[in-house]
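Assemble chain U onto chain E, guided by the hints.
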Amino acid sequence: MGANLFVNYGEAVAMILFGIGFGNLLLQPNLIKKIIGLNIMDTAIYLFLAEKGYIRGRVAPIVANGVQSVEAYINPIPSGLVLTGIVVSVSVSALMLALTIRLYRRYHTLDLDQISKQLRKEGL
Amino acid sequence: MDFVRNFPCISIMLCLFAGIISSGLRGKAAMLVNTGLLVTNTVLSACTLLYTLSTGASFVYVMGRFPAPWGNEIRAGVLESLIALFFCIIMLLSLFGGRHKLLQGVEEGKLYLYYVLMDLLLSSLLALVYTNDMFTAYVFVEINTISACGLIMIRQNGRTIEAAVRYMIMSLLGSGMLLLGLCMLYDLTGHLLMSNIKESVALIVAEGEYTIPLIVSIVLMSVGLCIKSALFPFHAWLPDAYGYSTVSSAAVLSSLVSKGYIFLLIKIIYRVIGFDIYHDTRIIDILFLFGLMGMIFGSTSAIRENDIRRMIAFSSVAQIGYIYMGFGMGTEAGMTASVFHILSHAATKSLLFIAAVGLTDVSGRNRQFIELTGSGYRNRWAGVAFTVGSLAMVGVPLFSGFISKLLFAQAAVQNHAKMLPALIVLGISTILNAIYFMKTVIRIYTPVEDTPYPSVTFRDRPVYAVVLTAFIVLNVMLGISSQPVVDMIRQGLAMFA
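Chains E and U are the protein sequences, given in the same order.
Numbered according to the numbering used here, the first sequence spans residues 145 to 268.
Numbered according to the numbering used here, the second sequence spans residues 2 to 498.
Hints in this document: simulated from the structure, not taken from any laboratory.
Note that the coordinates shown come from a computational prediction; the quantities given were computed from them, not determined experimentally.
Using N, Cα and C, we set each Cβ at its ideal position, and we do this for glycine too.
Honestly, I wouldn't trust all of these hints.
[Stated by the list, open to error] Simulated DEER-style distance windows between Cβ atoms: (1) U/Glu109 with E/Val234: 28 to 34 Å; (2) E/Gly210 with U/Glu208: 37 to 43 Å; (3) E/Ser235 with U/Trp71: 22 to 28 Å; (4) E/Lys261 with U/Met439: 32 to 38 Å; (5) U/Leu421 with E/Asn219: 30 to 36 Å; (6) E/Arg202 with U/Thr212: 27 to 33 Å.
[What the hints assert, rightly or not] Using 30 Å as the maximum straight-line C-alpha spacing, the simulated DSSO-like pairs for lysine-lysine come out as follows: (7) E/Lys261 with U/Lys102; (8) E/Lys265 with U/Lys111; (9) U/Lys199 with U/Lys102; (10) E/Lys196 with E/Lys177; (11) E/Lys265 with U/Lys102; (12) U/Lys29 with E/Lys265; (13) U/Lys199 with E/Lys196; (14) E/Lys265 with E/Lys177; (15) U/Lys102 with U/Lys29.
Next up, chain U with everything else stripped away, as it sits in the complex:
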């Protein structure tokens, strides 16, 4: 079974080659290549997950033939392969769910480019998840940014280009800080591989020298990744980028791209700096504070919004705040809750985006709430799916959001200093979530007498309905049988150390 050790490398390489091949294909053929790639990668990641679960240990794959301090490495454990598996599934579902909009919104001759960008995006996400080398991580962060920018502006109008420019500017600020931080870290430690850096960092801290440069470098890397993943004060680019791009892009961007950066930050905390040293720098208190502020401000902005897509986008700001709040707890339990929320938010947010597009389609493509009245009756699948997504976001039992809120609350109780603010803000944020999501659900199920808009049934869009059902099943599965997933996350985090 040792052959499985090659799978992470193979899946990254497959994505890169699929991107190159697709650039010479026509739209439909590129779509088939992309689907095949995603299915293959799902299988490969699932095999890696089973292998790491059976051996109970992570493994290192040496790229090329240069040994540890010089060569490049890939490292896979339970958590990495779980996240990779999840990313592949969500991307597959999001692409199927938004396909009809993509065919409407993108010129026929440019369709293949969309799939080239998707292949590249997947390669960079997988590389961010699996890599053990800081500079490789930086290069793939940039590839991720470039392909995400392309995904935003594939639907050409003034709004999307402006959103893409704003996204690029913020991302470039973030990656500049990340690069400077890791150059300083390289300068301090003399290594680029994560495990080697960690040993040197422990030595530096033990000797008590170079504390200030070390802290500066940690701050630069953390803030850079926070900017890129749209933590609260840096979220100005987000609503436009998610609100006006084509629906598959919005789903992929909100549920995968920002999560890729967050996962890299988790790797930096555990595998590069070391959890205890990171904890002692007090940076986590700042992350905690901004996480709490994001939870409140993201939700209040979402309440004020009159456009359903932008409302869901603002809700992402709040959810990212939750994840950073979990980091800020500074405990193992908080981190587990954050990782679970990464999965649950990815499954829910892409469901919401794709369900929302079904609702706006049966309302004359108007996105204002007044036009959406009664749309839950005109497209029943989308209505049910949107309701499930809303309930999951609010945190109703049976759905995935409940488990992540429960984990966050448990983690908060274990940390005495931060228990009160965390629990209070968690409560306020849940109420705010309920206000704007339930408002929308009530709106789409308010009957209207004579509507000018047509209804859509299962026969019109079978693929769309099947995708929504798959998303609902995924959500309920995460909500009902959460214990195996939480155990896997715990095991994976233990392997990180």
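The following block holds chain E by itself, in its conformation from the complex:
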């Protein structure tokens, strides 16, 4: 069962990184660290996809020197998915950072629990 773990070490690393990112996004009280966790989590998925699309001994799917054989290139679809995913995660991170700035200006702290405490004090 564990025999393939070393062969597919790229995927294993991706899963560990996903766990680290997921845990950070879920458990860190600090908003900036949460956003870093989000980025680690997303990047881990891109590593997983890139690792899955890669075929040893082949090159990126851009036609070079007139070689048109399918055998010469790696699978292009995961690369396309990674590009789309990067666009999505950039916009989500930007939105989260903007929200963090708003909260910091208002409450002068990045700790989400502190902010909740202050909100309860305000009685809003």
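Same frame as chain E, now just chain U:
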């Protein structure tokens, strides 16, 4: 009539273009564009529904000119177009009903942004309903999250920003899991189109290889969508997000956004994994358990709540529990009941949110129950509407909630192993529902001697009253003539397979 096949694609594109155009318009103009868009989409969805009903089969619309395994596709059947039609109607009514609050609560210069976000939200909902491609579904899930977050924080105060941050964090956890799950599924099957994945999954299961990765991927996708649709243990963000945003946002979020994710999960169960394979993984037992827990805990939290908006928000947790309980039955009847409850809950919850804002308005904008005493006399339309919504939620005959409870009970009786827990929890949950909704109804109809608050009549808010009447009619229609809708749902689910 084959021209109708273009309508699903056209309606998604119209939403995207309306969003782009509205970003250059002033508030009022953007509002008009949005209203026009919603009316057009309602008509287009109704045409698609009639077309699929007349042909009796679903159709596939190829985006671009690439054929099946490579290109992107849209697929429309009876169920998809029914849900799309319903989403458009509910969104239209919710926006009209909350318009006066929106004009009060949002700065004049930012009003257009609200409608841009609404257009984007509608586009993502329609795309989630119609798409036949898993990665497209993921991208529109993220668009849905971003626009929903904007809708929460359009009314700027500390509470809404904090609620938006919490909503974003939970949603991002969910979409991360969804993305990982579908990447694994792509890795296993080599396809992104739902129909192709289903064929490959059937092959994988038949050969008995890669069972564990398949189950992991199904679990990741299901849990991701459960988090996003606020199933019981993941509902911490929900009361703040629904309780403090502007009323149209709350109505749209509770009745449409979470339903979009649930509908995607239904599509995954039927069209990607296959109902029988999904059933055999035993994941549905976990969904069943959490659904039951949500029904109880959502209602008990609602009973303890002293704020009417947050009470309605907690009631959503319980209702989402009902829907997942229906999934958990693992039968066709359970699924039909769940889909019917999606419609009935959408119609009722938006009615309750919009009626509640009428009641709080005539109570000096206080949301505590003590201040609401007698508000049903001060705003009679809102009072009647709130009562109708409460009766529907409790499950009184004539209203939509009764039919969904009846369907759930029928489905429970057909499944021997789960009959007892399902029926017991259904009964307890109905009593708990009755406790907090009837408590509120009695409160708003308790007469008070001299009240400092003014009364509101039909003349003050004609649009609001008309919207509430439309909601009441919709609810009663779903309750009285439910059979055609249930037949459509059955037909649609049969087309899924």
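Evaluated hints:
no.	hint	in the structure
1	U/Glu109 with E/Val234: 28 to 34 Å	31 Å, holds
2	E/Gly210 with U/Glu208: 37 to 43 Å	40 Å, holds
3	E/Ser235 with U/Trp71: 22 to 28 Å	26 Å, holds
4	E/Lys261 with U/Met439: 32 to 38 Å	35 Å, holds
5	U/Leu421 with E/Asn219: 30 to 36 Å	51 Å, violated
6	E/Arg202 with U/Thr212: 27 to 33 Å	30 Å, holds
7	E/Lys261 with U/Lys102	28 Å, holds
8	E/Lys265 with U/Lys111	29 Å, holds
9	U/Lys199 with U/Lys102	46 Å, violated
10	E/Lys196 with E/Lys177	29 Å, holds
11	E/Lys265 with U/Lys102	26 Å, holds
12	U/Lys29 with E/Lys265	37 Å, violated
13	U/Lys199 with E/Lys196	20 Å, holds
14	E/Lys265 with E/Lys177	25 Å, holds
15	U/Lys102 with U/Lys29	15 Å, holds
The structure shown violates the earlier hints numbered 5, 9, 12.
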